[in-house]
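Peer 1: Each chain, letter by letter, is given below.
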Amino acid sequence: MFESLSDKLDRSFKILKGHGHITEINVAETLKEVRKALLDADVSFKIAKQFTEQVKEEALGQNVLNAVSPGQLMIKIVHESLTELMGGEHEEINLKGNPAIILIAGLQGSGKTTFAAKLANYLKQKKGKQPLLVAGDVYRPAAVNQLQVLGEQIGVEVYTEEGSKQPVKIAKHSVKHAIERGYDVVIVDTAGRLAIDEEMMDEISNIKKTLNPQETLFVVDSMTGQDAVNTAKAFHDRLDYDGVVLTKLDGDTRGGAALTVRSVVEKPIKFVGIGEKIDALDVFYPKRMSDRILGMGDIVSLVEKAQEQFDVDEAKKLQRKIAKNQFNFNDFLTQIKQIKKMGNVKDLMGMIPGMGKALKDMDIDDDAFKEIEAIIFSMTPDERENPKILNGSRRRRIAIGSGSEIQEVNRLIKQFEETRKMMRMMTTGGGKNAMKMMHRLKGMQPR
Amino acid sequence: MALFNVFSKKKKDKLEEGLQKTKQSVFAKLSKAVVGKSKVDEEVLDNLEEILVTSDVGVSTTLKIIERIEARVAKDKYLGTAELNQILKDEIAALLAETDKGKTLGFDFPKRDVPYVIMVVGVNGVGKTTTIGKLAYQFKAAGKKVLLGAADTFRAAAVDQLMIWAERVDVPVVSQGMGADPASVAFDTLKSAVANGSDVVIIDTAGRLHNKVNLMKELTKIKNVMQKVIPDAPHEILLILDASTGQNAIEQATQFTAATEVNALALTKLDGTAKGGVAIGISEQFKVPVKYIGIGEGKEDLQIFDKFEFVDSLFDA
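Protein chains in written order, with our numbering: chain A, 1 to 447; chain B, 1001 to 1317.
Think of the hints as simulated: they come from the structure by calculation, not from any bench. Hints may be right or wrong, so weigh each one.
What the hints assert, rightly or not - Under the rule of at most 20 Å between Cα atoms (straight-line distance), these lysine-lysine pairs were calculated in the PhoX-like manner:
(1) A:K176 to A:K129
(2) A:K96 to A:K76
(3) A:K32 to B:K1064
(4) B:K1191 to B:K1111
(5) A:K96 to A:K129
(6) A:K36 to B:K1191
(7) B:K1111 to B:K1144
(8) A:K370 to B:K1217
(9) B:K1299 to B:K1140
(10) A:K165 to B:K1299
Stated by the list, open to error - Label pairs and their calculated CB-CB ranges:
(11) B:K1089 to A:E199: 29 to 35 Å
(12) A:D202 to B:D1090: 40 to 46 Å
(13) B:D1306 to A:H173: 32 to 38 Å
(14) A:Q166 to B:K1228: 30 to 36 Å
(15) A:K49 to B:D1306: 30 to 36 Å
(16) A:R411 to B:F1308: 54 to 60 Å
(17) A:D202 to B:A1180: 38 to 44 Å
(18) A:I278 to B:A1195: 35 to 41 Å
(19) B:E1300 to A:G163: 20 to 26 Å
Ideal placement from N, C-alpha and C gives every residue a C-beta, glycine not left out.
Turn these sequences into a full structure, and let the hints steer you where they fit.
Peer 2: Here you go:
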């Protein structure tokens, strides 16, 4: 997600390496890089400036600590400051009230309608709620239709008033409808609008006054640039929203808008959109996000995601096998299957510390495993269990059988061996081995 | 719609008034820093940096602009603000690629034997379908026979959205409904355009994030399939950029260009507070001109890009 920003910070910290302690001079160079990295990541100009000032003060205050390397110290300071800027702990969505009313607002094309449907689906699936969706975008052609199609997909009713051009009334009526039908959450989608469009801003502020919602959520595209400051603030001035939704984070944007919005309006980011599929919605964890920014990976997310999909017994069995160095191609296949179940491979790998950078230019799509699978499928059961027996003639046969080149077979077997070694290190060794693993990973050639 | 436009015009005028003060102060700051000096000093450059970076021009393009100005000043020597402002605008404008035919072209193109095919691409939510509606309106008003192709068969109700636009501006549209193969829709559209003697065909495509390998491959396929009907189609691959997008737009341009050889840009949502400065770097890097700008939701709210106006607008507020 934030690979590029972490790359930049990484590089800037390298400048500090080789210096014994933080001085005004060497910190200035680094901060210049930090600032540039933040600006390249679309963090607001002013906030980037404030941020680097803040980091500088803290860094200079700590230059007595000769025990720690300056680079590590700076990482720590930048990381802490970023986390602070992103806003402490995760905040849940407020669903108190019957029905709880959620109003959704934002610019055109930020992804409000898609988010509305994802939220309805999330509340229904994960929170056991019975949501009602309300089609309040009466302006954009086919916006109502779009919500209806999505509502049908997830089995959630969509309240519409055909021919009505009065979103305030539609919103009001929808709540009555929800009470009559026993829905406990009402999610009101609205038209995209520019913050400087007075009439449209009046309209949404009237909708808010009429509904008195538990949650007003401001939806913002994670690719937004410097304008995020203006828009976030302008919407906040009129709506005093309770939370922010960051969309399209499955792209490769560095996502500085997250920092900007968070620090300008001091409202929590409650959800992130991570794909076009209806369940591609996640809650926002500030600490994880700043881990990510600094390339420290998002281990917690990865673990949680894995937990949702992995069979515990299976995992234990696997761990024993790895420890005994018995991990074979059958296990490899099972792993691939499980990874595929977990979703987008590149996203997943990006969560592993250090992998973000290694993967940046790698072309991984969901078909990435097809070739690997073909090769493994062309092995005999014996070969899969005992990769050691894979000699030249067996390899040639496998290449022919799977329709690949012998070099590809060789490469896979080599990568398999590497993986096996890495996994052993991961399960048996501590941090030192993990570091070794990183180096090995970096040396692995993307194909 | 007409009523809406009147309002937005008024609104803009009001906004202009409000901005006038800030605009003056920007130039006042710049001029104070340069009067009587023969070299652009730190203060000027800092101000300039802030203006450009907050307009999403980006750090590296900003540095490039600053270097150009320093070089120019060292050569010419300037006397006052007026010159500086002019130099500034010239240098920035020089980075923006020219359209091959210049701006006189308008919403017109030379008479041709086969339909002129425009394929519209971009990430999700930038305004592809809306821009197509407005383009269709302009071409039709210019007396062209327009045909639209609904090849966004993925996003919920995208086909309906294009249909409503087609009805609104009164042009025909070829559709196979939702879930159809987009390449097949494009193929059909071109076939139909050739058979009916259309002057211009505009193909809508689904929004896609540029890092989704398979979706980008699909775009290449759509393009290739069109060439089975008209060998040199699409003649124009129009990448739509949202003016509020930051530096990620560069990556968008890179990936879309790699997949489809983008040769024109449209910058949408310029009626908001976003400046769209990232387009400067993109236009320069890829030598692709910005052709159109979107400035509202009405059918008339599309204009031919004017680089000098655009550069001026960077310094508005």
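Peer 1: Which of the numbered hints are not met once you compare them with the structure shown?
Peer 2: 2, 6, 13, 14
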